[in-house]
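Protein sequences, first through last, are from chains A and B. Residue numbering for the first sequence follows our numbering, beginning at 1 and increasing consecutively. Residue numbering for the second sequence follows our numbering, beginning at 1001 and increasing consecutively.
No lab work stands behind these hints, which were simulated from the structure alone. Beta carbons: idealized from backbone N, C-alpha and C, even for Gly. Mixed in with the good hints, there may be bad ones.
As the list claims (entries may be wrong) - Sample of chain A residues at the chain B side, in silico, Cβ under 10 Å:
1) Leu165
2) Leu282
3) Pro306
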Amino acid sequence: MGWGGRLRGLFADTKGPWGPSGSGDEPPADDGHGSGPWGEPPEHGRRMGTRSGGGLDELLRRGRMRFGGGGGGLPRGPDRSLILWAIIAVVGIFLVVTSFHVISPGERGVVTRFGRYSSTLGPGVGTTLPSPIDRVQKVDVEGIRSTDLGSQSSEDLMLTGDQNLLDIAYSVRWNIKNPELYLFQLSEPDETIKQVAESAMRAVISQVTLQEAMGDKRADIEAQVTDRMQRILDGYRSGIAVQGVAIQQADPPAEVNDAFKEVTAAQQEAQSYINNANSYALQRTRQAQGEAAAFDKVYEQYKLAPDVTRRRMYYETMEQVLSKIDKTIVEAPGVTPYLPLPQVQKSQPQQDRQQ
Amino acid sequence: MIGFIRNRPIVSAVIAFIALIIVLGSFPIVPETKQAVVVRFGKPVRILNRYEPGRPIGAAGAGLSYRIPFVDQIVWIDKRVLAVDMESQPVLSTDQRRLMVDAFARYRIVDPLLMYIRSTTTENLNSQLQTILRSEVRNELAKQPFAALLSPERQGVMNDVKNSLNVQAAKFGVQIVDVRIKKTDLPDGTPLQSAFDRMRTARYQEAQSIRAQGNKQAQIIQAEADAEAARTYAASFGKDPDFYDFYRAMQSYKSTFVQGTGGKPPASTTIILSPQNDYLKEFTGRTK
């Protein structure tokens, strides 16, 4: 709407309360300007609500009088009072809308009166003074927000305590614990959270080794960062509660990844050495136990009849041994065979060697 | 008056509009997030909603105020905690190693009048503070060895930075709430590459040591098993060494001549026996 419209609105505004007191049929006569404002009841109504609340009652009363008494009077009377009622309705709706606030669970309504903080509305329907006096800013206090730092696709390197580099990605979960502080104390809360998280994470990472950061100390680091962030943010009176920090990724940089894989491979290899040794050990001890047990059993029997058992074992063994192999019996020291077997010739070379 | 309005609607509308602007302008609304300096003909006369430490939100300060139209000018100044960021800059440690440091500070304008006189706008203030922050961070960190730069919080270095920064910032009506190092990076190029090399070699070394350790453990396990086996044998065979000798000899003959060892059949053998052999002693047909 241009300046003209605003001017006309203003004109109507100032004229509004007095309008009815004059000779009744003024607006239609003054076609050039009078009809303008009436054509825009919302604008008019808003301005009425804002400034001339006092005139409203009077207006209302007169409107009623006119409505009640003017039925048979002027032909344009009903038009006029209808417009009046419309204005009243719009003003009323505006007042209701800006005075009653539905605060859903998990939200708080921070009320400022002429800019100054006055109160905080809890969940439910809250009432305030109408709009330009009281303003309500709704703040979600239960919803957990998440801010991601570092990314899993690109490298975000951080120096660890042992001066190694760590590629890290993490996220911070937070919510608002104090809506007034959140609204009034901190400019750029989101950016602040990012910076504080980065700073806290760096501070904690710089006190642990690379190995700890990648492995078993992760949960500990997360807790420390959460704690540190909370302290910093409380120092700013930010009204923010850090719910937790989650490390999504803590890896060595891509440049040295192969070397780290080498370590993993070495671990596997070392484990396989140990596994092999274990299986050897198992086999060795079991074998020893088995042989010892066998010996024990035989020895038990041997003790009962040593001589006989000994001879028996001797003959049994010799039997087995000699039955399978070629034998030549020679009268020593001469070399006259008692039993000249055909194999003797065949196995002459061995025989020579044996002698 | 009514007659005037009716006769000259446009003129009266303009007058009303101007009046409205004047009225509205005379009663500025001061929000909680802002403080203001009221300047009369270029001379600051009043401060609205000045920051007072420890004052709860909603206490006096913000709200409806007043001014003389056209005479008083209002300069709005943020009341909240503001941020000043420092671009990443190189810092040389006492042991001559370079580190890229990225810091930020959080501050609050506690003396809007002083701030207005010295800087006029928040943008000016910000760039002035940035310069101070840069030099203070560099000055303080350059007194530290490299290892301390990695975690300056632990050595209280950041407190020193904050204190000296506060001295400087006080001239601008600013109080430093907090100074923090956001990032410490190795400069690109050689320092970064050599760090990578160091990490790489350290890993290879670790891999070697893990392998050696595994080997060592494997050997110990094997030796222990051998010892265990020997103990078992000794406990059993030691009961009668003489019999063991015989028993083992029998086993040995069997495996040498009959079964073979290692799954291989025995090599064909020819034995030449003398009749005096113990086995053949009955050949002589001796009598009792």
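Here's how the hints hold up against the structure:
1. Satisfaction of the interface hint for leucine 165 of chain A is found here, the shortest Cβ-Cβ separation to chain B being roughly 6 Å, below the 10 Å cut-off.
2. Interface hint status for leucine 282 of chain A: upheld, as the beta-carbon distance to the closest one in chain B is roughly 8 Å, under 10 Å.
3. For proline 306 of chain A, the interface hint holds, since its Cβ comes within 10 Å of a Cβ in chain B; the closest pair sits about 8 Å apart.
In terms of the numbered hints stated before, the structure departs from none.
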